Structures are given as C-alpha cells and as structure tokens.
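2 protein chains.
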Amino acid sequence: MALPKQSEDFPGWYQEVVKQAGLAESSLARGTMVIKPYGFAIWERIQRAFDDRIKATGHENVYFPLLIPHKLLEREAQHVEGFAPEVAVVTHAGGEELEEPLFIRPTSETIFWATYAKWVQSYRDLPLLYNQWCNVVRWEKRPRLFLRTTEFLWQEGHTAHETSEEAIAEARKILLDVYRDAAETVLGLPVRVGRKSESERFAGAVETFCMEGLMRDSKALQAGTSHYLGQNFSKAYGVKFLGRDNSEQFAEATSWGVSTRLVGGVIMTHGDDRGLRLPPLLAPIQVVIVPIYKSDDERALVLDATKRLVGALGDVRVKVDDREGFRPGFKYNEWELKGVPIRLEIGPKDLAAGQVTLARRDNGNKAPVPEAGVVQRVTELLDEIQRTLYEQAAAFRDEHTFEPKDYDEFKTLLTEPGGFLVAGWCGDRSCEDRVKAETKATIRYLPLDPEPVQGACIVCGRPATERATFAIAY
Amino acid sequence: MALPKQSEDFPGWYQEVVKQAGLAESSLARGTMVIKPYGFAIWERIQRAFDDRIKATGHENVYFPLLIPHKLLEREAQHVEGFAPEVAVVTHAGGEELEEPLFIRPTSETIFWATYAKWVQSYRDLPLLYNQWCNVVRWEKRPRLFLRTTEFLWQEGHTAHETSEEAIAEARKILLDVYRDAAETVLGLPVRVGRKSESERFAGAVETFCMEGLMRDSKALQAGTSHYLGQNFSKAYGVKFLGRDNSEQFAEATSWGVSTRLVGGVIMTHGDDRGLRLPPLLAPIQVVIVPIYKSDDERALVLDATKRLVGALGDVRVKVDDREGFRPGFKYNEWELKGVPIRLEIGPKDLAAGQVTLARRDNGNKAPVPEAGVVQRVTELLDEIQRTLYEQAAAFRDEHTFEPKDYDEFKTLLTEPGGFLVAGWCGDRSCEDRVKAETKATIRYLPLDPEPVQGACIVCGRPATERATFAIAY
Chain F
28 MALPKQSEDF PGWYQEVVKQ AGLAESSLAR GTMVIKPYGF AIWERIQRAF
78 DDRIKATGHE NVYFPLLIPH KLLEREAQHV EGFAPEVAVV THAGGEELEE
128 PLFIRPTSET IFWATYAKWV QSYRDLPLLY NQWCNVVRWE KRPRLFLRTT
178 EFLWQEGHTA HETSEEAIAE ARKILLDVYR DAAETVLGLP VRVGRKSESE
228 RFAGAVETFC MEGLMRDSKA LQAGTSHYLG QNFSKAYGVK FLGRDNSEQF
278 AEATSWGVST RLVGGVIMTH GDDRGLRLPP LLAPIQVVIV PIYKSDDERA
328 LVLDATKRLV GALGDVRVKV DDREGFRPGF KYNEWELKGV PIRLEIGPKD
378 LAAGQVTLAR RDNGNKAPVP EAGVVQRVTE LLDEIQRTLY EQAAAFRDEH
428 TFEPKDYDEF KTLLTEPGGF LVAGWCGDRS CEDRVKAETK ATIRYLPLDP
478 EPVQGACIVC GRPATERATF AIAY
Chain S
28 MALPKQSEDF PGWYQEVVKQ AGLAESSLAR GTMVIKPYGF AIWERIQRAF
78 DDRIKATGHE NVYFPLLIPH KLLEREAQHV EGFAPEVAVV THAGGEELEE
128 PLFIRPTSET IFWATYAKWV QSYRDLPLLY NQWCNVVRWE KRPRLFLRTT
178 EFLWQEGHTA HETSEEAIAE ARKILLDVYR DAAETVLGLP VRVGRKSESE
228 RFAGAVETFC MEGLMRDSKA LQAGTSHYLG QNFSKAYGVK FLGRDNSEQF
278 AEATSWGVST RLVGGVIMTH GDDRGLRLPP LLAPIQVVIV PIYKSDDERA
328 LVLDATKRLV GALGDVRVKV DDREGFRPGF KYNEWELKGV PIRLEIGPKD
378 LAAGQVTLAR RDNGNKAPVP EAGVVQRVTE LLDEIQRTLY EQAAAFRDEH
428 TFEPKDYDEF KTLLTEPGGF LVAGWCGDRS CEDRVKAETK ATIRYLPLDP
478 EPVQGACIVC GRPATERATF AIAY
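Top to bottom, those sequences are chains F and S. Sequential numbering from 28 applies to the first sequence in my numbering. Sequential numbering from 28 applies to the second sequence in my numbering.
The hints are simulated quantities; they were obtained by calculation from the structure and are not laboratory data. Watch out, some of these pointers could steer you wrong.
When chains are identical, the list treats them as one kind, so a pair holds in a single copy or across two.
Here are the simulated DSSO-like cross-link-like pairs (lysine-lysine), alpha carbons at most 27 Å apart as the crow flies [claimed, not checked]:
hint, residue 1, residue 2
1, K376, K393
2, K168, K98
3, K267, K46
4, K82, K346
5, K358, K82
6, K145, K358
Nothing here was measured: the structure is a model prediction, and the numbers come from that model.
The shape of chain F in the complex, shown without the other chains (with noise of 0.2 Å):
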C-alpha cells in the first residue's frame, strides 16, 4: 500500500511507515506497543551507541527493581506532584491483596535515592555513576507508537556527587558527550541543546539540561534530558555524609534519559515518502543485495557472484534478498521502506559486464560500478551517506530556525513553514503561557549557558532576560 504523502499528512504518514517496514505496532493494554524485530534491532543500535559513551564516561550499569513501595513516591513534594497522576499501582499479588501498594516505576529516583541512602556515608563513597536500562510504565492520555506509550524502554542514569559543581559538570558532559555525540555521530540526528525553563522543567529538578530535534514537519522532538536535581532528592530520601571538612552534607544529584522515543524521532527526521532513510552507523541492515535470474543456470551465476560479494564486504552489515516468488521491484520497494542505505543489484547483464548496480537510498541516485571496486564504493558511500543524512536534516533545521520581529510574524511563521522561533522572554511565566494557550508553541530551550539579551519581550514587549527557541513539539 502507497505511503501517504508526508506533506499532505504527516500523521498519517509516520503511522503507515511505522506499521509498513515492521516497527511497531499497538497491543492489547490501553498504549502499549509491540516492538518489532526490525524496529527492535534498530532500537538495539541505538541502545549500542549510547552505552558505550555512558561507560566510556566512567559510568557502570546496574538494575534496580520495577515495583517500588508507594509511600516512597510521597517524599519529594514537586516530584509526587509530577508523577502521581501517572503512575500505575499494583494492589494484589499472589493471589492476596497487599498490605502496602506498589507502584511501578515512572522513572527511579525514588528507589535509587532511597538505596544510595544506604551506600553513602562519606566523601570517599562519591560519586556514585550509575545507569540502567529498563522499561517504565506512565499513563499517558494520548499514546502514539514510539513518540508516547503508556510503557517505553529508556535508560536512565543516577549519579550522586559531593558538590554542586561536580553535579553540574556531570549534567552537561551526560548532555554534551554523551547525548549529543550519540544522536548526532550515529543517528545523524542534528541537535539543538540548552536548558528548558521553569514550567518545562522535570518533576523535582533544580535544571533541566535537554537536546531538541526539529522533525520534518517542523515540530520539534525532546530526544533526551540531562537533570541538575541539586538536594532535592538526597534531602527527601536523607542522603547525607560526612565531608573532607568533617561537616554533614546532603549529596548533590543528577538524573538522565534517552528512550524508544529516539527511534520515532530517526524516522521523522530522516524519512521520505518512499519510506525510512536509516543513516549507516545506525542500520541493522547496511547494504541489501538483490540477485536477479530467470533461468537456473544464471541463477547458479549469479547466487555464487553474491556469495563472493558478501564474502568481500567482510563487517559490513549485508543481508541478501534470495526470497523466491518475489519480483525485484517488489524487493526494491519494500528495502526502501526500510530505509537500507545500499541496494545491489546482481543480474546476468551486470555479471556479463563486470559490475553490479548501486542504488543509494538518501537520493535514490543508481548506477553501475565496476565489480573490483565495489567494496571500497560501498565503504566509503556508506560514509558519504551517513553524513549526507546528517547535513540534510541540520539545512532543514537551519532553514526552518527564525528570528520573528514581532508577536504577529511569530504566529505567521509558526503556521507556515513551522520550526524553531527565537525569540526575545522576558522570563515570565505568563508570557510562555500566553504563547502557549494562543499558538501551542512552547519554550523548547534556553541557551545552555545564560547570556546577555537586549531587545524586548515577544509577546508583551518588556525587556528581555533571555533568548528562548520556541516551537510546536511532540
């Protein structure tokens, strides 16, 4: 079935995407979803490419458990606030009703902070570095596959620090070179970073630290956070330890998430209407080859050319379609579907030549190449490709990023072409409410370090304190 144009429905289109390459879909419990192996494998690299800069960065996985004692929840007042509406309650369990309820994790600050309650007792027990991968259950009112569901994978680091400064330091590396590197160097997702503002800030953090991502639709997607929690927690939960100055302290905290989200956001920053682009690095499946015959002879030809290809092209990812009772244009359709970078084509006129042909999914460009220089074309096309991806997404980005004069040129620009305002704040709470209720453009970010601003408020004309990006986001 025909993919839905993604200029004339967006919606309509991720949804088709997502159910036609295999993704994902929707199961029985109210916004629960299925991930599928493809969408699972790529989900499997994303995975990959953030552990291994969290542990490059000193940081060691642990887990700790799903289910967490209700009263546990009560501690840390804004966070409770947060999270309570959300949260899914276990009241019965082996066959009995519980004297005390569980309550399933949203996020584990507060099993984490209860238990670093118990690991630390002086200086000499910081930082704690520690990270899990895991799944967490909120209960969201509008689920859409991957960008929201009532249970996601995530992971979602805990540290606990003897100062202020050191917590910070920790915020902004997890957002710099972790985050940043990660969506940027492998997903070829181009990201904005900087702070949010009060109202947007996580439930119980001093400073919420985000990278923001603009789709192809002009929204904007939050693809990961990075929290300064300050004492909040170590207050609430009693984290306290003896310091080089002999004096009792609370720790200073931080708390940090990527989820199944970024495969939503890799799709909408990426994809055509033919379907996925998948950069290289990210790819499950990085060339796909398609042996093309009629007669059983050529097919013995041509099957044995693609053993000997498969063979030279070594670590690269390669996945051949010999799938019988398919035609080659049904094969070609349903790779670029899913977004495979490379298609080989091997047939008796290509054989007969001494050469395959290259299609390349990011433009869909096709051409012969001569067989002895196949795998150092595809090698380096690979690259080529992952960073044409990234480049493409950072023009749209760019070209999509204004600097309105005014509050009316602000709504003109927001409703056609969409994408990131900045724009002069002067910091009030009203005015992002104002924008918000009258547009349902947000404070996507603030600058990660405050600066000096001149010029005025957008919305009342004021002096501006800060220069805020605005935009319309998932």
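Assemble chain S onto chain F, guided by the hints.
Using the frame of chain F, we list chain S on its own:
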C-alpha cells in the same frame, strides 16, 4: 569480614559472597533486588553469551508489553493454574481504577500468542523465531538473591512452527546449541540435559527440556528450560494458518528461558572459601594489576611499567587498582573475593628483576614471570583457567553422581555426600511424590530421548520405565 566456610555454612557463604563481592542486595518491595555494578557486569556478559547464540541460530529480538489484560491469562487452562497464584495485578493507573485489571507478565506466552494470532495466516508466515530480554514478576514465597526473586531479568524465546517435528527440533536446538553451549563454553558450568517429568513441566507444556547443574553443596540448580508447547497456546489464542495442503491448522509452539538465576549458578559452581572464582570468558575483569610502591620515585617507575603492561595486554579486560591508602594485601583479598582470574603485582623488586609476580585465582599459585613473557603467559593462563574451572566443576559433579542400589542407600547418599542420584523409576507420580515428601529430592531430569530401561523402581520395586536422575534442588 571473613566469609563463612562453604563446608560449614553454605547458605551463609553464598549470602556473604553476594554481599561482599558487591553483586546484589535486597530492595524495599518484598523479594525484589538491586543488582549492583559488579553483579550487573557479570549479567551483561551472560547476556552477550546467550544473545550471540540466539541470534546465530536465526532468532530475532523483539519487545512485548509488561502489562497484559487479565482475561488473557485465563485462556490456557494449565497455564492459568500454574501462574495465576503468582501474578501481580495492576488495578489502578492514571489516578483511576481500571475497568479491567492488568497483570504483570510472569512469562509472556499469553501476549505473544494473542499477538501471533494476527501475524499468522499462512504456512508462509512461519516459522516465527522471536526472543525478548525483559523483566518478569512472580510472587515468590521464599525469595533469595539471584536464585528466586519476585522480579527477575531473563530472556524468553517464543517460536511458532508449521509442524510438531519442527517445534520439537527447535526446543532441542535451543537446549543444546544455545543454552548448553553458552553455559559450558562461557560460564564454565557443566550441565546435564534432559526431559522433565510431568509434575515438573512448565504449566502449559507438552514436554519441558532442561539443563541442570550441580552446585558445590551438592544441590542441583535448574539453569535453563526449553519447552515444546504443542498446540496448547495456538488453540487457546486462535493461531491458525492455511497449510500447504490448504487445510486449516494450528501452529506448534516452543518457549525457552534463562535468567539472572545463572549468576547464582556461577557463584555456587565455582566459588570457594575465598569468594568468587570467575571463568575468564565471563569475568568483567580478567586481570587486575596491583602496583606496589613506597616512595614517589618508586611510584613513578611502577606506574609507568603498569601503563606499558596495560597497553601490551591489548584486548584483555584489565583493571589497575592504583587506589591510594589501601595496603596491597587488602587489595589482593578484595580481588580474590571478586573472583578476578589473574592478579599481577608490580613492585620495585619485580622491576629490578625484569619480572612481574603473577597470582592465579583458581589455585592460588603465585610465581614471577619475566616481563617479556607476561602477555603470552596471561593469554595462555586465561584459557587454562577457563578449562580448569570447567573441569573441576565437571569432576565434582561426576564424583557426586551415584547409582544407589536401593531406596535406603538412596536416602543415605542423598544426606551424605549428596548429589545426582540415578535410579530406576516406574513412571508413577506417587513414587515421585513419596521421594519428595521423604527426602526433598525431585526428579531433575529424565534422559533427553526415552531409552529402554532394565531393573526396578527405586521406590516401589515394580519394573522401571525410566532412568531418572534425582537431587535436592534450589
């Protein structure tokens, strides 16, 4: 704190090793655990060993939801009987009581097969060869870290096939080529494979295949199971397909799993009175280097030599313990407790003599090695220690495998020295139950393929129909 001796207090020894080696601890909700960094690093390597083999045999990873509508549990009669008493139930979410309660998966046959009903129409859609790594919850009455916890981590494979022959071959392939191979090759666990008796089968299985290890306290540990489920689930969930002969057929099923329990198996198979002993292929740290120095001059020289050595060791997983303020003897104890296979000590005397001191964890031997030969010696020794640990465990198991001549000897041997008792069995449930009631021993496995049997049932004296292997098990 000194560990209890294995021979005097094996459960106490286990508990202290888990604690002191930093593997895990109990968490707040009853029966749940926190897997700490070192314990999780071991689990990550176990995952790698099994996941590589699961993928190499043609399976793909997926992810199915944690929460399942309660009514789905009721479809397969034996399955509900087995699992309903253990499930945890979510009754409230998003601040409201749910119209229909959800249960947390204790295993995922229900949701996989409810979903497979949508995915399978024709024999062309088969086989489905899927696996997931996830958490499951079973309300355990007597939890024990790693061995039996309310929540545990595992992989569960769920496959659908055209014929029973194919499904049985799948269940056996997983047992032999995936589970046994990973357990023996990487974890160094010698395992016996076989069939379960009817009373020990998975709830809903036609046949349960298993691998069983023998721990150093002479108790057996079920280390992995692979089930042939016949058409029980396809009939319960309506997974029908149009066969090659155009007739409507029900799919044939398997499921199979190994869990974090394997960490417990590794501890209890290889550990000794000094703590863990990790097989090199599994060990997160294969070599620990302890630099020894007093003066600053010595420090510079020794750390320089250490750095060169780390570089020379290349891909070997090396940890340098250069913590200040701890005596070498303290460090030796700690790394012995943590089971690191090889320790290298480098001090000024070693440097002067052009050597390093090498200590093996498996047998405690300690000897100098010329500096030029260290890399080769380490490489050889890692292989040798891997082999030695396996062989020691296999020898222990063989020395603790008996063929008692009558039920009296059976009971005597079971008490002292304990182990696997191989005996004739009439096949009657009442004899199996009597053994369990009187001795706590259960049938751990029957031969993988039924064999002709001579002799009498060890309990009732009637003709034996099976050669059963009994043991007291975890």
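Hints and how they fare:
no. : hint        : verdict
1   : K376 - K393 : within (15 Å within a copy, 67 Å between copies)
2   : K168 - K98  : both (24 Å within a copy, 23 Å between copies)
3   : K267 - K46  : between (50 Å within a copy, 22 Å between copies)
4   : K82 - K346  : between (30 Å within a copy, 14 Å between copies)
5   : K358 - K82  : between (39 Å within a copy, 24 Å between copies)
6   : K145 - K358 : between (58 Å within a copy, 23 Å between copies)
Going down the numbered hints, you'll see the structure goes against none, and every one checks out.
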